[in-house]
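One letter stands for each residue in the lines below.
Protein chains: 2
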Amino acid sequence: MHFTSEQRLDDGVLAREFTLGEIPGTLWTPGSAESAAPAPLILMAHNNGLPKSDARLAARARHSVGRGYAVASIDAVGCGDRPRSAADEQTRADLRRALRAGEPVDEIFESLVGPLVEKAAPEWRTTLDALLPLPGIGGPVGYSGWTALGIRLAATEPRIAAAGFFAGGYVPRAQREEARQVTVPLLLLLQWDDEGNPRQRALDLFDAFGTKEKTLHANMGGHTGTPWFEGEDAGRFFDRHLK
Amino acid sequence: MHFTSEQRLDDGVLAREFTLGEIPGTLWTPGSAESAAPAPLILMAHNNGLPKSDARLAARARHSVGRGYAVASIDAVGCGDRPRSAADEQTRADLRRALRAGEPVDEIFESLVGPLVEKAAPEWRTTLDALLPLPGIGGPVGYSGWTALGIRLAATEPRIAAAGFFAGGYVPRAQREEARQVTVPLLLLLQWDDEGNPRQRALDLFDAFGTKEKTLHANMGGHTGTPWFEGEDAGRFFDRHLK
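Going line by line, the protein sequences match chains A and G.
Under our numbering, the first residue of the first sequence is numbered 1, with each subsequent residue one higher.
Under our numbering, the first residue of the second sequence is numbered 1, with each subsequent residue one higher.
Treat the hints with care, as some may be off.
[Stated by the list, open to error] A short list of chain G residues far from chain A (calculated; beta carbon distances all over 10 angstroms): (1) D81; (2) G196; (3) L203.
[To be verified] Partial list, computed: chain G residues near chain A (C-beta under 7 angstroms): (4) R176; (5) L216; (6) A218.
[Claimed, not checked] Far from chain A, by Cβ distances over 10 angstroms, these chain G residues were calculated: (7) A174; (8) E195; (9) E232.
Hints listed in this document are in silico derivations from the structure and should not be mistaken for laboratory results.
Ideal placement from N, C-alpha and C gives every residue a C-beta, glycine not left out.
Starting from the given sequences, assemble the full structure and let the hints guide the process.
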C-alpha cells in the first residue's frame with residue numbers, strides 16, 4: 001500500500017489517496033489519527049461502483065470521521081479512476097437507455113453488476129487486509145453503502161461486524177441468494193419512490209436477510225432525496241455495534 | 001380539571017392523576033415543571049384503548065419526560081379505569097377468539113375500534129384544551145402511539161405538529177381514508193412480524209399518509225419486541241419537530 005497524496009480538509013479530516021497494486025483508494029481519518037486510540041473502520045462504497053471521489057460519498061465519509069471512525073473507499077474494476085472496457089461502457093449506455101424507456105432492465109443490470117461485484121469483493125478484502133495493520137486503525141469493521149457488494153462482503157468476510165445498506169431494489173441474483181447468509185446486524189435505508197429501485201424488491205430483500213437484528217428505514221422521495229437525519233441515524237447504528 | 005393525586009417517581013418525574021369530567025388522565029412532567037420553561041406536550045396513547053396505567057406506556061412517558069417533554073394520557077370510554085359495557089366486553093372476547101383461531105377479524109375489529117376512535121377523539125381534544133393553559137406546559141404538541149386515534153387527531157386538530165404512530169396493520173376504514181389528510185411530519189414504527197398487524201396493510205397505510213415528511217422504521221419480531229433504540233429514535237423525531 002502506497003500513499004500517493006494527502007490533504008488536510010477544513011474540518012481537520014486527513015484524506016489520503018493510496019494505491020494497492022492496481023487498486024486506487026482513499027482513506028479518511030480523524031485529524032490526530034497517528035496518536036489517538038485506534039478508530040473502528042468503515043468500508044464505504046457507492047451503488048454500482050460509482051467513484052470514490054463522488055461528492056456525496058466523500059461527505060458521508062467525512063461525517064463518519066467526525067463521529068470517530070476511519071473510513072476507506074476504493075474504485076472498483078472499470079469504475080472511477082480505473083480503465084474502462086468498451087463492453088462495460090456499452091452496457092452502461094444500454095442500461096441508461098432502457099431505464100429512460102421504462103423497459104425491463106434485469107438482464108442488462110445482471111450482466112453489468114453481477115461481474116462488478118465478483119471482481120470488487122476480493123479487492124475490498126485485500127484492501128481490508130492492508131488497512132487494519134495501519135496505526136490509528138482498529139477493528140471492528142463496518143460496511144456502508146452499495147447493497148450488492150455489501151451482501152457479498154458481509155456474507156463472506158467475518159471481520160465485518162455491522163452493515164448499513166442503501167436502496168437494494170436491484171441486486172444481482174447471486175446476492176439476492178446470499179442475503180440469507182448475512183447474519184450481522186444491519187440497517188437497510190431506502191427511498192420510498194426510488195426511481196431506480198423497485199420498492200417491493202427492496203422490501204423483499206429486507207425480509208430475506210438472515211440476521212435477526214435488522215432495521216428498515218424508509219423516507220419519501222427519489223434516490224438522492226435521503227433526509228439529513230438518516231446520516232445521524234446510520235452513525236448511531238454503527239456506534240451501537242462498532243464502539 | 002382536577003388533580004386527584006400526585007407522585008414523585010424515583011427519576012424525579014412528577015406523575016399526577018387527574019379527572020376532567022368523566023375522563024381519567026395522567027400527566028407526567030419534569031421534576032421542576034412549575035418553575036422551568038414550558039415543556040412541549042406529547043399526547044400518548046396505547047393501541048385500541050389499552051389503559052394509561054399500562055407499564056409500557058408509563059415507561060415511554062417517563063422516557064419522554066427525561067427528554068424535556070410533558071406527557072399526558074387518558075383512558076378512552078370503556079377502557080382502563082372507566083366503566084365497560086357488556087357489549088364491548090363481548091366484542092373483545094370475540095376478537096381474541098377469532099385471532100387465536102386465525103379467522104378474519106376485520107368486521108369484529110371495525111365494530112370495536114371504529115366507535116372507540118369516534119368517542120375517544122373529542123375527549124383527547126377536550127384534554128388538550130385543559131392541559132395547554134397549565135403552568136409548565138407549552139406547545140407545540142406531539143402525538144405518540146395508537147395509530148387509529150392518532151390519524152383522527154392529526155387530521156382534525158391543527159395544534160398537533162408531529163405524530164409518531166406504532167403498528168398500523170389494523171386501522172378502521174374511516175381512519176384509512178383520513179390518513180390522506182394527515183400532513184404533519186410523522187414516524188411510523190412497525191414490527192415486521194407483528195402477529196396482530198398484517199405487514200402489507202401497515203406498509204399501505206404508510207404509503208397513504210398525505211404528508212411528504214414521513215419516515216418508516218421496521219424491526220424484526222412480534223408486537224411487543226420493539227428494540228430499545230426506537231425509543232431514542234422517536235425522541236429525536238419529536239426533538240426535530242417540537243423543540
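Q. Any of the earlier hints contradicted here, and which numbers?
A. 3, 4 and 9
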